[in-house]
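There are 2 protein chains.
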Amino acid sequence: MEDRYSRNRIYVTQEEQKIIKEYPIILGGSGIGSAIAECALRLGFENITIIDGDQVEKSNLNRQNYTENDIGVDKTEAIKKRLLAINANANIKVHSTFLTVENAESYIKGHKIAINALDFTTEVPLIFDKLCQENNIPVLHPYNLGWGGLVTVITPKGLLLDSIKKTDGGEDFNEVNMVEYASNYLKFWGTPHLWIDEIIQKYKEEKEQLPPPQLSIASWTVAAMCTHIAFNIATEKEYKKFPEFYLSTILN
Amino acid sequence: MEDRYSRNRIYVTQEEQKIIKEYPIILGGSGIGSAIAECALRLGFENITIIDGDQVEKSNLNRQNYTENDIGVDKTEAIKKRLLAINANANIKVHSTFLTVENAESYIKGHKIAINALDFTTEVPLIFDKLCQENNIPVLHPYNLGWGGLVTVITPKGLLLDSIKKTDGGEDFNEVNMVEYASNYLKFWGTPHLWIDEIIQKYKEEKEQLPPPQLSIASWTVAAMCTHIAFNIATEKEYKKFPEFYLSTILN
Chain S
1 MEDRYSRNRI YVTQEEQKII KEYPIILGGS GIGSAIAECA LRLGFENITI
51 IDGDQVEKSN LNRQNYTEND IGVDKTEAIK KRLLAINANA NIKVHSTFLT
101 VENAESYIKG HKIAINALDF TTEVPLIFDK LCQENNIPVL HPYNLGWGGL
151 VTVITPKGLL LDSIKKTDGG EDFNEVNMVE YASNYLKFWG TPHLWIDEII
201 QKYKEEKEQL PPPQLSIASW TVAAMCTHIA FNIATEKEYK KFPEFYLSTI
251 LN
Chain A
253 MEDRYSRNRI YVTQEEQKII KEYPIILGGS GIGSAIAECA LRLGFENITI
303 IDGDQVEKSN LNRQNYTEND IGVDKTEAIK KRLLAINANA NIKVHSTFLT
353 VENAESYIKG HKIAINALDF TTEVPLIFDK LCQENNIPVL HPYNLGWGGL
403 VTVITPKGLL LDSIKKTDGG EDFNEVNMVE YASNYLKFWG TPHLWIDEII
453 QKYKEEKEQL PPPQLSIASW TVAAMCTHIA FNIATEKEYK KFPEFYLSTI
503 LN
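Sequence lines, in order, name chains S and A.
Okay, so the first sequence: first residue is 1 according to my numbering, each after it adds one.
Okay, so the second sequence: first residue is 253 according to my numbering, each after it adds one.
Treat the hints as calculated values from the structure; they're not laboratory data.
There could be a bad hint or two in this list.
Said to hold, decoys possible - Label pairs and their computed distance ranges (CB to CB):
{"hint": "1", "chain 1": "S", "residue 1": "N91", "chain 2": "A", "residue 2": "L336", "range": "25 to 33 Å"}
{"hint": "2", "chain 1": "S", "residue 1": "P243", "chain 2": "A", "residue 2": "E490", "range": "27 to 35 Å"}
{"hint": "3", "chain 1": "S", "residue 1": "P156", "chain 2": "A", "residue 2": "K333", "range": "42 to 50 Å"}
{"hint": "4", "chain 1": "A", "residue 1": "E490", "chain 2": "S", "residue 2": "P211", "range": "25 to 33 Å"}
{"hint": "5", "chain 1": "A", "residue 1": "K492", "chain 2": "S", "residue 2": "E236", "range": "30 to 38 Å"}
{"hint": "6", "chain 1": "S", "residue 1": "N91", "chain 2": "A", "residue 2": "N504", "range": "32 to 40 Å"}
{"hint": "7", "chain 1": "A", "residue 1": "K333", "chain 2": "S", "residue 2": "K93", "range": "40 to 48 Å"}
{"hint": "8", "chain 1": "A", "residue 1": "E490", "chain 2": "S", "residue 2": "G72", "range": "38 to 46 Å"}
{"hint": "9", "chain 1": "A", "residue 1": "T374", "chain 2": "S", "residue 2": "N103", "range": "55 to 63 Å"}
{"hint": "10", "chain 1": "A", "residue 1": "K382", "chain 2": "S", "residue 2": "N184", "range": "44 to 52 Å"}
Treat the numbers as computed from the prediction; the structure is a model and nothing was measured.
We put the beta carbon where it would ideally sit given N, CA and C, even for glycine.
Looking at chain S on its own, in the form it has when it is part of the complex (with noise of 0.2 Å):
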């Protein structure tokens, strides 16, 4: 194994890394997205491609793979940067641009896994899994849950995540919701975390619409749960999909 991946030794044969070497990955959105490649990046996924139009905030410096020299630059340009600072050779591609209903197929093509990171905040989320499973490619979904992370992967004949919707009707589909049902979910099977009903309760009941509150310790889980996700679907091991979905947290 080459000097790079020498420690990866015992957990990763040759021919897995290989494989992942040349595995494509399309990340959508590179906010926690951000995270989540450098992890992938350094256990020897090389070949990453990034969609994201948004510019580096300083607000984003609490939890994604940015520096201070990086605010006001395309997010894509600087991730890159640090990509390729780990590994010269690593095969990136970025696309300062936001996905759209109109350009979404053409970048997911050629790609064998994707990686859901977008904003809720259109339909276009909900679309990119369409296409992914029109396009035969799983699709992990990364939630920052502060305190723990949850990831639940779609399959290209599984369910879409808007099937949750259906249960209390009316609202578009959003994060919230899943976060919900996957709180409910955890009640049902006996293993309740009601911290995280709290959180979705005090962000519920805040006065003005902001974004979701989230931690670092979250997108370093996040980018941990997908890398080996990742590896696992790459290699055709055993997985989780919706609607099951891993949470990972040292609460309860």
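With chain S's structure known, arrange chain A on it following the hints.
Leaving out everything else, chain A in the frame of chain S:
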């Protein structure tokens, strides 16, 4: 709350943000320590001391917080640069030296949390814990198990790690003993993680005596866990103490 930490809201109160900002953490070892330091800094621990006499090698890049340009550079200088790039106002102190029985106490004094991320190749890590106990400082022990992170906390009045070694007598305590202990503990409580035993077995069967294999997945996981536990200690919340421990993985 200042702009940098505005997205910590709901999870972290303004008072807690102030507490952790001033809560001095010392990291013995800047291997896995380099990953922990960044996650902790981004949450808001702005007083961090790091001690390590090592230089960055290419084989570190699969899991530690360094870049290709850092190869050959002192780990402490490289991580200091990275942390100050994230927050130029943070108080980052580094010492490019190895901790010894003689110098450890002078470095430890004045800190409120210690993270023992030292190699278990000498008696220093165990003496580090003892000195922390004498100075009333809780010590976090992170272990990289590839697919998962293991963390235990030695408290000022609690047991020391080598209390484990009596059970199987003879040999000096090392990280493999700790991992075997954790695996047996999990079996006893009905939640076995057989993959851990398999890894230990394969590691013991290696012909050469090599450093343990480690993955980015567990580095990121352990960084999140240690940051969370440090937050709980600083803000006087509950946390598990050795001989209890935290294991975080998506396996099982």
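Checked hints:
no.: 1; hint: S:N91 - A:L336: 25 to 33 Å; result: holds (30 Å)
no.: 2; hint: S:P243 - A:E490: 27 to 35 Å; result: holds (31 Å)
no.: 3; hint: S:P156 - A:K333: 42 to 50 Å; result: holds (44 Å)
no.: 4; hint: A:E490 - S:P211: 25 to 33 Å; result: holds (29 Å)
no.: 5; hint: A:K492 - S:E236: 30 to 38 Å; result: holds (36 Å)
no.: 6; hint: S:N91 - A:N504: 32 to 40 Å; result: holds (34 Å)
no.: 7; hint: A:K333 - S:K93: 40 to 48 Å; result: violated (27 Å)
no.: 8; hint: A:E490 - S:G72: 38 to 46 Å; result: holds (41 Å)
no.: 9; hint: A:T374 - S:N103: 55 to 63 Å; result: holds (57 Å)
no.: 10; hint: A:K382 - S:N184: 44 to 52 Å; result: holds (47 Å)
In summary, the structure is inconsistent with hint 7 from the numbered list given earlier, while agreeing with all the others.
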